[in-house]
Every structure is written in structure tokens, then in C-alpha cells.
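Q: Generate the whole structure from the sequences, applying the supplied hints.
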Amino acid sequence: DAKTTQPPSMDCAEGRAANLPCNHSTISGNEYVYWYRQIHSQGPQYIIHGLKNNETNEMASLIITEDRKSSTLILPHATLRDTAVYYCIVRVRSNFGNEKLTFGTGTRLTIIP
Amino acid sequence: DVKVTQSSRYLVKRTGEKVFLECVQDMDHENMFWYRQDPGLGLRLIYFSYDVKMKEKGDIPEGYSVSREKKERFSLILESASTNQTSMYLCASSTAGQYNSPLHFGNGTRLTVT
Numbered sequence: 001d002a003k004t005t006q007p008p009s010m011d012c013a014e015g016r017a018a019n020l021p022c023n024h025s026t027i028s029g030n031e032y033v034y035w036y037r038q039i040h041s042q043g044p045q046y047i048i049h050g051l052k053n054n055e056t057n058e059m060a061s062l063i064i065t066e067d068r069k070s071s072t073l074i075l076p077h078a079t080l081r082d083t084a085v086y087y088c089i090v091r092v093r094s095n096f097g098n099e100k101l102t103f104g105t106g107t108r109l110t111i112i113p
Numbered sequence: 114d115v116k117v118t119q120s121s122r123y124l125v126k127r128t129g130e131k132v133f134l135e136c137v138q139d140m141d142h143e144n145m146f147w148y149r150q151d152p153g154l155g156l157r158l159i160y161f162s163y164d165v166k167m168k169e170k171g172d173i174p175e176g177y178s179v180s181r182e183k184k185e186r187f188s189l190i191l192e193s194a195s196t197n198q199t200s201m202y203l204c205a206s207s208t209a210g211q212y213n214s215p216l217h218f219g220n221g222t223r224l225t226v227t
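Those sequence lines, one after another, are chains G and U.
For the first sequence, our numbering puts the final residue at 113, and the numbers step up evenly by one.
For the second sequence, our numbering puts the final residue at 227, and the numbers step up evenly by one.
Please note: incorrect hints may appear among the correct ones.
Calculated pairs, DMTMM-like style, for lysine to aspartate or glutamate (alpha carbon to alpha carbon, straight line, at most 25 Å) [as the list claims (entries may be wrong)]:
(1) U:Lys126 with U:Glu175
(2) G:Lys3 with U:Glu175
(3) G:Lys3 with U:Asp151
(4) U:Lys131 with U:Asp172
These are calculated hints, taken from the structure and not from any lab test.
A: This is how it looks when you write it as C-alpha cells:
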């Protein structure tokens with residue numbers, strides 16, 4: 001699996017857009033980019049994933065660069081409840097599910113009131 | 114909603130004890146995973162299973178074993194607990210047969226070995 005690099009921590013003002021970067025310069029053509037977050041004392045929660053096109057759902061947007069070597073997770077209007085550790089991982093496309101996923105240390109996002 | 118349930122939130126065991134961590138999912142998922150989480154190290158994969166009675170080693174399987182006798186249940190076993198196995202343990206599941214289905218995690222078991 002490709003390795004990902006994220007900044008260890010970031011702050012964002014409440015109500016502003018939070019932009020979390022992820023570098024995955026060794027990503028292969030069949031590897032998806034996934035984002036999860038973990039709020040204190042809970043298990044990680046799935047946010048969004050994509051292959052090469054930008055994606056949006058009710059939680060966030062994912063922008064993947066054209067060369068796919070980096071991506072940005074955007075929380076459009078951050079709230080205090082978005083304070084969490086955010087993990088970016090890359091995952092090989094598999095129809096059999098027999099894959100292993102490697103999480104890094106993530107970015108600790110703090111939303112400032 | 115998918116539910117992944119881990120039997121205990123907190124567990125305290127003594128060195129040398131045999132420890133069972135249980136995980137049950139209610140969505141008929143084929144894949145199940147055990148991770149441990151330690152400060153500064155992120156989540157590390159211990160074992161995973163993609164079918165009943167099937168198991169694969171993850172990145173740090175030493176000192177652990179697993180059991181998957183039923184599709185909905187995946188157990189992590191510490192044969193002889195040691196203090197360096199004090200950690201947060203997270204179970205997850207996902208469905209196979211669909212490209213890149215998300216993992217669904219339980220809320221974790223915080224194990225302390227004294």
C-alpha cells in the first residue's frame with residue numbers, strides 16, 4: 001500500500017472551511033484515497049473516498065490532484081464537533097476484500113470557537 | 114446502520130492471563146479486522162479475516178491469535194498477556210463483493226495489562 005503523509009496538527013476557526021492535506025506520492029493507479037476521522041474515545045468513522053475525480057457527500061468534499069499524488073479533505077463549515085484526528089489512507093481496489101489497510105498517525109484537527 | 118460491537122470498553126488483566134476480546138457485527142459483512150492503537154503510532158493491523166475460518170496476518174501479529182467460527186463474530190486472543198499489549202483494540206468490518214466498501218469500526222476496548 002502507498003504511504004501517506006499528513007501534518008500532525010491543524011487549527012481552524014469555527015464556521016470556516018477546514019482544509020486537510022494528504023500527500024501520497026507513491027500511489028498506484030488502482031489505489032483509492034480514503035478519509036476517516038476519530039473523535040476522542042470512539043472508533044474511526046468513515047468520511048469519504050475517491051479514485052481520481054473530486055467527490056462530495058453530506059460530510060465533506062475530497063479534492064484529488066490530477067497526478068493523484070496528493071489530496072485535500074474539505075469540511076466546508078467546521079463546527080466544534082469536527083474536532084478529531086483525521087486519517088488519510090490509500091487502499092488497493094479489490095473485489096475480494098482480502099486486503100490490509102494501513103493507517104498512519106493522522107492530523108489532529110482542533111476547531112477554535 | 115451498521116453496528117460493530119466490542120464486548121468490553123475497558124478491561125484489566127494480569128500478566129500471563131489468557132485474554133479474549135470479542136467483536137460482533139450485524140451487517141453480514143465478510144471481512145473483519147483487528148487493530149491496535151497506541152499514541153504516536155496510529156492504528157496498526159494485527160489480523161484480518163475475509164471469511165469464516167479464514168485469517169490473515171496483519172503487520173503486528175506476534176503475541177496474538179484470532180478465531181472466526183461464525184461470520185458475525187471475530188475474536189482476538191492474547192495467549193499470555195504482557196504489559197506491552199496494553200493498548201486500545203479496535204475491531205472493524207466491511208463487505209466484500211463491492212469495490213472498496215468502507216470499514217465500520219467498533220468503539221474499542223481499552224486493555225490494561227498489569
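Q: Decide if the proposed pair is consistent with the structure: Lys131 of chain U and Asp172 of chain U, CA atoms, cutoff 25 Å inclusive.
A: Since the Cα atoms of Lys131 of chain U and Asp172 of chain U sit roughly 22 Å apart, the hinted pair holds (cutoff 25 Å).
Q: CA of Lys126 of chain U to CA of Glu175 of chain U, is that 25 Å or under?
A: holds, 19 Å
Q: Regarding the pair Lys3 of chain G and Glu175 of chain U, is the alpha-carbon distance no greater than 25 Å?
A: Holds - the C-alpha atoms of Glu175 of chain U and Lys3 of chain G are around 23 Å apart, at most 25 Å.
Q: Taking only the CA atoms, is the gap from Lys3 of chain G to Asp151 of chain U under or equal to 25 Å?
A: holds, 19 Å
In terms of the numbered hints stated before, the structure departs from none.
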